[in-house]
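Chemist: This is what each chain is made of:
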Amino acid sequence: MSDVRGGDGVRTAMTPLIKAIGLEKTFRTRGRDVAAVADVSLEVARGEALGIVGESGCGKTTTARMLLRLEDPSAGKIIFDGTDITTLRGAALLKFRAQAQLVFQNPFDALNPRFSIRRALAEPLNNFGVPIREHADRIDAVLHRVRLTPPAAWLDRRPHELSGGQLQRVVLARALIPGPTLIVADEPVSMLDVSVRAGILNLLREARDALGLAAVYISHDLALIRYVCERTMVMYLGQVVEEGPTKELIANPAHPYTRALVAAVPVPHVAQDRAQLPIRGSLSDAAAIGGCAFRGRCPHAMKICIELAPTLRTITPTRRVACHLEGTMS
Amino acid sequence: MSLLSVRDLVVTYATRAGPVRAVDGVNLDVPAGSITGLVGESGCGKSTLGRALMGVLPDAGRIAGGQIMFEGTDIAALSAPARRAIAWRRLSFIPQTAMNALDPVQRLRAQMLEVLIERGGLGKADALARASELFHLVGLDPIRLSDYPHQFSGGMRQRASIALALALEPALVIADEPVTALDVIVQRQVLDVMRNLQARLGLAMILVTHDIAVVAYACDRVAVMYAGRIVESGPVADVLENPLHPYTMGLTHAFPDLYGDDMTLVPIDGTPPSLLHPPAGCRFAARCPFVQPRCAEEPPVTDGDHHAACWRIDEAAELRALAAIPATWMPK
Amino acid sequence: MLRWTRECRSVRSVSAGLRFLRAEPFAAGGGAIYATIVLVAIFADRLAPYPPKAILRVGARVARYLPMSSDHWLGTTSSGRDVLSQLIWGTRAALAVGLTAAVAVVAIGTVLGLLSGYLGGWVDRVITWFADIVLGLPFLPSMLVLASLTRPGTTVVIISVAGLLWPNTARVIRSQVLSLRERAWVEAARVTGCSTGRIMFVHVLPQVLPLAALYGSVAIGWAILAEASASFLGFGDPDMMSWGVMLQEAYANQALSRGAWNWFAPPGAALMAMVLAGFLISRGSEKLLFPKLADQ
Ligand SMILES: Nc1ncnc2c1ncn2[C@@H]1O[C@H](COP(=O)(O)OP(=O)(O)OP(=O)(O)O)[C@@H](O)[C@H]1O
Ligand SMILES: Nc1ncnc2c1ncn2[C@@H]1O[C@H](COP(=O)(O)OP(=O)(O)OP(=O)(O)O)[C@@H](O)[C@H]1O
Ligand code: SF4
Ligand SMILES: [Mg+2]
Ligand SMILES: [Mg+2]
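Protein chains in written order, with the working numbering: chain P, 239 to 568; chain Z, -1 to 330; chain L, 17 to 312.
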């Protein structure tokens, strides 16, 4: 990856906070190999939010877990803040953990049911060696940040006493309290009620702006990604098929899969496009071997798509796409 | 006249802490051949309402009052066997976890035949033909009738459960969150199957969801449920473009839109009231930015094609303008 | 339905325990037997009408083989000792052995189950392999071999019970840990910098303790039976006043052929009650152990 790509002119000058090169992950399950992630490279700069979208099972969660060193990649490298963290262990890994935090999908399951909120928030501070005299202040500050005020009213509660939205605030607070520079959020609101989702999304945006965090958001809801991420990466069967500024990508999708994805998102207005989706079959009957992974479902598949797997190509300074069609159409 | 007309329906669950009024005075009309969306947040009683209509409440639940007029008969008043006879032929229910409710150790064909032969009284050959036809109808290859459910993807399983629900040519299908667990492309395909069926078979459907974009895409009418009550209902276009109830107004700003302008989303502060001790007045009063003293005292009454249970329904236009300002929804 | 499941999960332990007993008559019955034995053991010195080893006399003659009477509710033994008093004092021995062995079973089983379930890999394979071997050993003969290789006594009984019964506990703990491990909050502990040991012992262990306690309560009955068998076969501690020793004495003195069932039946019945209690508790807890069976 020698080309310097950027979401916009400003970012090109910055070094990425986290950079993944050629990540792969194969799971061995009962004699069968599942290539969950086939080839993913990405970069996220400080203060930038990258969205990852794609069908269920395309490898979004696995990618995120590798970035956080919760899963060891089968191949590839992860560079965080200039250091190779792919095989970190022990104290060095602990130092990385304080820098890279995760916001969980299911708030009802993300907190130890026996721990009070105070204990849940103090635990990371203890583990990361923050002196005890600072704990109270930091817990207080982080609860203010996630709007659980006054903090004293929340500290002694247990998870079962909180609503989903409140729990997700605690989960976010727990992720922010070690003072990370990278936040990964895997479907952070999909388990929440519609009326409280907006609150969590706004908190995520605010925290990123105020603390200058790098963020990776995972969702299969493009509308949500558009709300929180300026740049988006589309995955299909473990590979990146398209990447670019979110709004451009939605307004003018280059990859046929992205087109189908964008067309499939319903909008909350009666007047909307109800035309047949430009995609065939389903993920399960699309096991194409060789050539483009999407060709079994692609309405534009050509001869070359069977013969040659397309690689990610830069089509504008900010956009990349892996499709043979690019250049012949558009 | 409506195919289904629910009046003052009350459903309670017996719990240790007392009766939970999960459905508390619901009025709902479903015209023949239309898709009605039922939206609302978790725990507001959508599944309970669906199950009560179908007569498949869990043991703790019972209909404590009201009428369910279906094709002219009050099925809530019928004896269990009489009700079942109607329910099985004319009504059909796709439970919330239908995808996982298919019998894992039986081929789909056996499951379809069981319904068609035992409940529908068809002969074996007719049943087989019908099963193929049904699979075709929902966009599945009839060859896959000989598969087991685990050989299907989530979307295919959802289609198979729709096919099962259609087996006996019901007049009304109640689908409880049929697309919630699916991702967008599959969701869209399943919704298209449903819209097709409605158009081709003249089926009426109640589609339970918590996504108003899904309602906008697939439904003709919508009923917004909140804490055991229907707070607003009417034709989709009217309800979504000109909501009358503050809760509906709030929902329309709480949702990211794929193409909208860059406005800030606004959450609705607070949580719904407990159904164990529901408030006397308007259910939404504790979270409503437009609450007035009388809201907390008396429940608002409602009537009409597009109606809402709000005391300030006459000021809806002004309230809508206010609701579009994020500051309106700030916690006090 | 999130809200509903959450309410279910939030039941707090004490009231939940009481409710559970009310809802599960089997478990309640087993618990009642244990409770009775514990009370009798605590108050043994006040309840027993005679010292258990006192040789009683009628006039100058040793009071051998007295039948049941108001003086001796369960009669006397061949050496003129009061059977009821022996039975009552025997509860102390039974409890001492039963509880110690049960604690040992639970401790070993829980720690090994936890390690094997959480760490997986070769640790899991070694422990599982070891557990399979131990499970394959016939209980009584193995205990007797152990006892005959060392000095007979209560310690050997306890060690063999612990050494032979832990695999059952380890198995269920392991399978529960396997499912707990997938819970998001366990992963959250990793992300927030918890060491593996801390995750296992601070986060996961408290969740499996109720199950471990359940298995421990079943082990009590087994341990007492084991002690009795060992004593009966002469591998026990002859100075300890236990039900096994009672049975052994009765047997050695041909109580059976003399028809002195008032001597051997009571300790036998007491043993059966203890084993039954363990069985009832495990039977009544099936819903707790396999919640899926109970789900609608
Ligand atoms: N621990 C595992 N063992 C075996 N296979 C796995 C494991 N984790 C994930 N997979 C497989 O890897 C693929 C990618 O899974 P992943 O969870 O990353 O997808 P995803 O994009 O996050 O999907 P979703 O939107 O459903 O969360 C899937 O086929 C999945 O079945
Ligand atoms: N079997 C039951 N016993 C007691 N209370 C119940 C039972 N089932 C549901 N409830 C309660 O009834 C209310 C309505 O539940 P219901 O499942 O109908 O909600 P819902 O709108 O379908 O929610 P969701 O969107 O989460 O599916 C909830 O408050 C719930 O806690
Ligand atoms: S009745 Fe009052 S509280 Fe209820 S929605 Fe209308 S204005 Fe708000
Ligand atoms: Mg995922
Ligand atoms: Mg429901």
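Worth flagging that the hints you see were computed from the coordinates, not collected in a lab. Please note that a few of the clues may not be correct.
[What the hints assert, rightly or not] A few chain P residues facing chain Z, derived, Cβ under 7 Å:
1. I259
2. G260
3. T264
4. E293
5. H398
6. S401
7. S428
8. M429
9. L462
10. P504
11. V505
12. P506
[Unchecked claim] Covered stretches of chain P, going by a simulated chain Z footprint (3 or more residues, C-beta under 8 Å):
13. 344 to 355
14. 374 to 381
15. 405 to 412
16. 544 to 553
Using N, Cα and C, we set each Cβ at its ideal position, and we do this for glycine too.
Chemist: Each hint: holds or not?
Modeler: Consistency of the hints with the structure:
Against a cut-off of 7 Å between C-beta atoms, the interface hint on I259 (chain P) is violated, since the closest Cβ of chain Z lies about 28 Å away. With its C-beta approaching chain Z no nearer than about 26 Å, G260 (chain P) sits outside the 7 Å limit, and its interface hint is violated. With its C-beta approaching chain Z no nearer than about 21 Å, T264 (chain P) sits outside the 7 Å limit, and its interface hint is violated. Interface restraint check: E293 (chain P) against chain Z, minimum CB-CB distance 5 Å, threshold 7 Å, status holds.
Given the 7 Å rule on beta carbons, the hint for H398 (chain P) is violated: about 14 Å separates it from the nearest Cβ of chain Z. Satisfaction of the interface hint for S401 (chain P) is found here, the shortest Cβ-Cβ separation to chain Z being roughly 5 Å, below the 7 Å cut-off. For the restraint placing S428 (chain P) at the interface with chain Z, the shortest Cβ-Cβ distance is roughly 10 Å, beyond the 7 Å limit, so the hint is violated. Checking M429 (chain P) against chain Z by beta carbon gives a least distance of about 9 Å; that is not within 7 Å, so the hint is violated.
Taken as an interface hint, L462 (chain P) checks out: its beta carbon lies about 5 Å from the nearest beta carbon of chain Z, inside 7 Å. A distance limit of 7 Å between C-beta atoms decides the matter here; for P504 (chain P) the minimum to chain Z is near 4 Å, and the interface restraint holds. With a cut of 7 Å, the hint placing V505 (chain P) at the interface with chain Z holds, because the nearest CB-to-CB distance is about 6 Å. A cut of 7 Å between beta carbons decides the hint on P506 (chain P): the least distance to chain Z is about 5 Å, and the hint holds.
Three residues within the 8 Å Cβ limit are the bar, and the segment 344 to 355 of chain P against chain Z gives 0, so the coverage statement is violated. Counting residues of the segment 374 to 381 of chain P whose C-beta sits closer than 8 Å to any C-beta of chain Z gives 0, which falls short of three, so the coverage hint is violated. Only when three residues or more bring their CB closer than 8 Å to a CB of chain Z does the claim for the segment 405 to 412 of chain P stand; here the count is 0, and the claim is violated. Residues of the segment 544 to 553 of chain P lying with their CB closer than 8 Å to a CB of chain Z number 0, which falls below the three-residue condition for coverage.
The structure does not agree with the numbered hints 1, 2, 3, 5, 7, 8, 13, 14, 15 and 16 stated previously, though it agrees with the rest.
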